[in-house]
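S.K.: For reference, the chains in residue letters:
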Amino acid sequence: MTRRVMFKEILENLLSLRFVLSLVLVICLFAASGFVFVGKFAEQSADYWAETNRNLSSLREECSNALYRAAFYRQTIWREPKLLSLCAEGFEKSLPNCFRSDAFASDLPQVKGRGNFALPHFSDIDWVFIISTVLSFVALVLTYDSMSGEKEAGTLRLMLANTIPRYKVLLGKYFGSMFTLAIPLIAGLLVSLIIVISSKHVAIDAAAWLKIFAVTILSLLYLSIFVFLGMFVSSRSAHSSNCMVLLLVVWVVLVILLPGGGRIFAEISSQSPTQVELERRLDEVGKEIWDNSEKFGKNAGNMSSDPNDPDNNPPARARLKTALTNATNQVRDDHHSRLLAQALTGRNLTCISPVAIYARASEAVAGTGINRCADIYRKVREYQAALKEYVRSKDLEDPASLHLVNPELSTARSWRAISHNPVDFDTVPKFQERDLALGQSLKLAIWDIGLLLLFNLVFFAAAFVSFLRYDVR
Amino acid sequence: MIRKIAKKEFLLNLMTFKFAMGTILCMVLMAVFVPILAKDYQQRLKIYNDNVARNEAELRKVKVYKNITPTIYRPPALLSVFSAGLEKQLGDSARIELGSIPEVDAAPTGDNLYLSIFTVLDASLILKIVLSLLAILIAYDSISGEKERGTLRLILANRTARHQVLLGKLLAGVVTLIVPTTIAFVVGILVVELSPMADLTWSGWTRIGLMYLASLIFISAMYNIGLLFSCLANRPAISLILGLFFWVVCVVVIPNASVYTATRIRPLEPKAKTDGQVALLRSEINPETRRQIRQTVDIQSYQNMSESDVPGAFGHWYVRGCSKDFFECYQKTNPVTEPLRIKYADKIWEVESGYLKSVLKQRQLADNLSRISPIFSYENATSILAGTDLASFQYFVNRAKAYRNQIVEYIRSKTNNFSSPSYFTTCSIEDVLEYEKDWGAKRRRDEKTFDPPLNLEDLPLCIYRLDLTESVRKAIPDLALLIFANVLFFSLSFVTFMKGDVR
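So the sequence lines, in the order shown, correspond to chains L and C. Residue numbering for the first sequence follows my numbering, beginning at 1 and increasing consecutively. Residue numbering for the second sequence follows my numbering, beginning at 1 and increasing consecutively.
Incorrect hints may appear among the rest.
To be verified - Restricting the straight-line Cα-Cα distance to at most 25 Å, the calculated cross-link-like pairs of lysine to any residue (SDA-like) are:
| hint | chain 1 | residue 1 | chain 2 | residue 2 |
| --- | --- | --- | --- | --- |
| 1 | C | 347 | L | 114 |
| 2 | L | 430 | L | 108 |
| 3 | C | 8 | C | 209 |
| 4 | C | 347 | C | 279 |
| 5 | L | 287 | C | 317 |
| 6 | C | 271 | L | 431 |
| 7 | C | 273 | L | 117 |
| 8 | C | 8 | L | 242 |
| 9 | C | 271 | L | 53 |
| 10 | C | 474 | L | 117 |
| 11 | C | 273 | L | 80 |
To be verified - Computed far set for chain L versus chain C, every beta-carbon distance over 10 Å:
| hint | residue |
| --- | --- |
| 12 | 40 |
| 13 | 47 |
| 14 | 74 |
| 15 | 79 |
| 16 | 205 |
| 17 | 294 |
| 18 | 470 |
Everything labelled a hint here was simulated from the structure, so no lab data went into it. Cβ atoms here follow ideal geometry from the backbone N, Cα and C, with glycine treated the same way.
Just need the whole structure built from these sequences, with the hints factored in.
M.R.: Following this line, the structure appears as structure tokens:
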């Protein structure tokens with residue numbers, strides 16, 4: 001019986017104007033997102049490879065000069081454009097994409113490239129955007145009259161006059177709406193994927209297919225919340241127009257206002273750590289170390305170009321400089337984690353809305369967004385440590401060096417604190433960002449998936465109870 | 001007759017669930033968000049006041065003309081509570097220096113890059129989303145609903161002209177929508193007025209008044225759109241669906257898509273290219289300076305170039321004592337090197353303004369594309385009136401540029417084209433001679449005495465005030481567009497209704 005209700009519902013929906021309008025709108029949007037992505041991806045990849053190759057060729061040159069020059073070469077590491085930003089772009093265009101680092105210290109992440117600061121913040125037309133705003137709206141439009149509409153038409157009492165339990169009607173209607181909703185979703189995804197695959201710049205590998213599949217499942221889970229919500233509201237009221245009004249209000253609050261409030265929440269909950277503050281902290285740390293320079297050994301504060309000058313104390317100097325760099329690195333890391341924490345707090349507060357949860361889960365699966373940027377920064381810091389270790393091990397091979405691997409370029413140059421021998425470029429570690437496997441990405445998203453399930457359960461229970469007690473006359 | 005229809009329609013509207021819901025939502029949202037936005041404004045105002053005070057304190061410490069490098073700050077706009085625009089996205093300070101022209105600074109000081117994962121929320125967002133939705137919800141069944149219920153043919157069976165019915169409906173709709181709009185504005189203004197911060201000036205009141213007016217034109221445009229769909233469809237369910245889809249396209253699709261299209265049609269060059277050109281120009285400065293110095297003075301004749309620096313204002317140092325050679329050499333070279341720095345600042349600005357132009361062109365294109373949606377025109381008009389749009393920001397940058405030229409001229413006139421020793425040192429020629437005799441004694445004495453700060457009473461002040469008439473002039477195209485949308489959609493529904501079948 002459930003199946004019969006479902007088929008009736010699907011057929012009725014398929015013939016309705018709202019379905020046709022949604023189908024057209026959604027397919028157009030998905031097609032646009034495909035074209036937009038292909039163009040953007042080609043441009044970003046070209047930029048990325050040009051910059052990365054420039055960086056590597058400079059590094060190669062420095063390696064062939066001397067080890068110390070390779071160590072002090074400030075590498076520019078760019079964020080690689082990702083195929084799966086097709087699914088969830090996660091505001092990456094306005095997030096840091098440029099990371100600079102040598103073997104001793106890294107700068108804070110920066111935004112560089114073709115971004116336009118004068119444009120208003122906008123979300124890319126990626127899948128998550130289309131699904132979370134437009135398709136959720138379609139879900140409400142399809143379900144707002146599922147109960148109250150039939151009641152108005154008088155068919156609900158006819159249906160329930162037969163020997164059909166109410167829960168079967170509810171389930172039939174739910175599956176009917178979900179299938180109807182899946183049609184524009186799947187059609188749109190296919191259109192978008194076909195456009196992307198047929199372009200010559202992009203190749204989708206097996207792992208990416210799996211992740212795309214996972215995002216599709218997440219999307220269905222998310223849309224199901226809105227279907228339940230629509231049915232719940234629909235079985236609370238006798239008039240379908242009132243249901244529509246109520247649902248629109250809920251939609252505006254959940255989809256537009258709450259996610260938009262994130263910035264305000266973040267700024268109210270904690271003060272932005274400012275650049276001025278960072279510089280003050282850096283000054284303080286530096287001053288403290290310089291004032292206590294004798295702690296690192298006699299004459300640690302002195303540095304003249306002659307290594308045999310009795311006023312110089314190379315080991316003490318190296319200790320001082322290392323301590324100074326470690327301290328400033330620490331200050332920068334703290335600053336960075338405070339920046340990140342502020343944004344993440346804001347985001348967690350927006351997670352009252354399923355839109356934010358869904359976006360966060362898809363970003364985790366696709367491996368994009370703010371967490372990816374933070375992750376790259378962490379990996380750059382790890383890479384920096386690995387590079388330093390490499391310099392240290394190579395330096396030991398050179399008997400002419402003082403073996404004082406420390407972050408002062410002038411001592412490395414004039415005292416030979418670090419080896420001046422050239423090194424083989426191929427042995428130098430290079431920065432690499434590895435994609436997570438699907439299992440690991442899902443693990444990151446597990447809480448969000450749980451929350452989405454919870455939302456489903458709550459609205460299902462609400463719809464169920466309301467419909468059981470619904471006056472069908 | 002129009003009045004009678006309007007009155008009936010208005011009373012009917014007042015009793016509906018959608019009207020109650022929309023009005024309550026507007027009120028609640030304004031009451032919740034405006035205090036938060038106002039608090040945010042206060043925070044920014046405090047930072048601004050601190051910055052200005054610090055700048056003034058530094059100005060009082062200036063000992064030599066070379067050290068005059070004040071920073072001017074853009075005051076936060078109070079009306080950003082109503083329309084945030086680009087207020088937080090763009091730079092809010094400009095350092096006035098001889099060697100550079102203030103440029104557009106992308107990130108305001110203390111901005112957290114990671115916060116860009118959130119869209120901007122302000123009162124106009126609430127107004128434009130909720131009110132436009134309410135307008136469509138109220139309009140969708142005004143004609144098609146009566147058609148379905150069969151009351152429309154009864155009305156028209158009397159001697160009522162069709163245009164009277166339509167005008168009556170329009171009037172009733174607009175009057176109905178004025179109620180939540182007014183409530184939202186009153187709540188917003190009350191919250192702003194009650195919170196402890198700068199009072200609204202009359203220009204602020206005028207701006208709010210104009211925003212209110214813009215809101216009315218906007219909701220009337222949205223109502224006309226709903227009316228058109230109501231005339232087009234035979235059943236209210238259909239006109240509702242049509243109206244809602246149109247609304248979603250206007251609110252969600254067009255703003256994002258147009259910005260995106262603009263970045264595709266007119267892509268920006270990577271900033272790194274401009275940075276490279278600037279770096280190249282900067283690297284020319286030192287060799288050029290040395291060449292010019294060699295041409296003007298015989299550098300070899302100055303043997304003893306000793307000096308002692310002490311920290312001065314704005315984080316710079318100044319010359320506290322020096323040898324006679326140093327003293328004379330700098331008096332001769334400064335009139336050469338400083339104009340050179342100014343010249344290079346102009347050259348660098350030329351390169352940077354080229355980049356800036358392409359940035360602004362992209363933005364212009366995005367704006368023009370967005371204007372298909374009346375919601376954008378409304379948003380733009382309110383942000384212009386609030387002084388948070390791009391043009392207000394450009395005004396700030398231009399102001400900073402003009403102020404920098406004023407300061408340069410001031411220093412030039414005060415120091416006789418940079419040739420006076422007061423440009424770089426506090427010593428006079430007598431001090432210098434004394435130094436030459438006994439460097440140590442003078443230095444010990446100097447450590448106890450302090451140089452008097454310069455008298456900067458006649459230093460030009462930077463006044464940054466947005467002109468009201470200018471804002472209004474800039475808002476006119478968008479307001480005109482909104483009025484045009486009103487006329488267009490009303491005439492379309494007029495034609496449809498005149499020819500339509502009322503049965």
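S.K.: All hints are to be evaluated individually against the structure, with a verdict given for each.
M.R.: To see whether the hints hold, each was checked on the structure:
Proximity of residue 347 (chain C) to residue 114 (chain L) is assessed by CA-CA distance (about 23 Å); at most 25 Å being required, the pair is judged to hold. Between residue 430 (chain L) and residue 108 (chain L), the direct Cα distance comes to roughly 19 Å. Compliance with the 25 Å bound is thereby established for this hinted pair. Straight-line distance between C-alpha atoms of residue 8 (chain C) and residue 209 (chain C) comes to about 29 Å, which puts the hinted pair past the 25 Å bound. For the suggested pair residue 347 (chain C) and residue 279 (chain C), the alpha carbons sit about 12 Å apart, so the restraint of at most 25 Å is met.
A C-alpha spacing of about 18 Å is found between residue 287 (chain L) and residue 317 (chain C), which places the hinted pair at or below 25 Å, so the restraint holds. As the CA atoms of residue 271 (chain C) and residue 431 (chain L) are separated by approximately 24 Å, the hinted pair is consistent with the 25 Å bound. Between residue 273 (chain C) and residue 117 (chain L) the alpha-carbon distance is near 16 Å, which keeps this suggested pair within the 25 Å criterion. The straight-line distance between the Cα atoms of residue 8 (chain C) and residue 242 (chain L) is roughly 21 Å, inside the 25 Å bound, and the hint therefore holds.
For a cut-off of 25 Å, the pair hint linking residue 271 (chain C) to residue 53 (chain L) stands: about 18 Å separates their Cα positions. Distance restraint check for residue 474 (chain C) and residue 117 (chain L): the Cα-Cα separation of roughly 22 Å lies within the 25 Å cut-off, and the hinted pair is therefore satisfied. Straight-line distance between C-alpha atoms of residue 273 (chain C) and residue 80 (chain L) comes to about 20 Å, which keeps the hinted pair within the 25 Å bound. A Cβ of chain C approaches the Cβ of residue 40 (chain L) within 10 Å, the least distance being about 8 Å, so the stated non-interface status is violated.
At roughly 6 Å, the least C-beta separation between residue 47 (chain L) and chain C is not larger than 10 Å, which violates its mark as non-interface. Remark: the non-interface label on residue 74 (chain L) is consistent with the geometry, its nearest Cβ contact in chain C lying 14 Å away (cut-off 10 Å). Every CB of chain C is more than 10 Å from the CB of residue 79 (chain L) (nearest about 13 Å), matching its label as outside the interface. Distance to chain C confirms residue 205 (chain L) as a non-interface residue, since its nearest Cβ pair spans about 27 Å, more than 10 Å.
The Cβ of residue 294 (chain L) lies farther than 10 Å from every Cβ of chain C, with a closest approach of about 24 Å, so its non-interface assignment holds. The claim that residue 470 (chain L) is not at the interface with chain C holds, since no C-beta of that chain comes within 10 Å of its own (minimum 18 Å).
In summary, the numbered hints that this structure violates are 3, 12 and 13.
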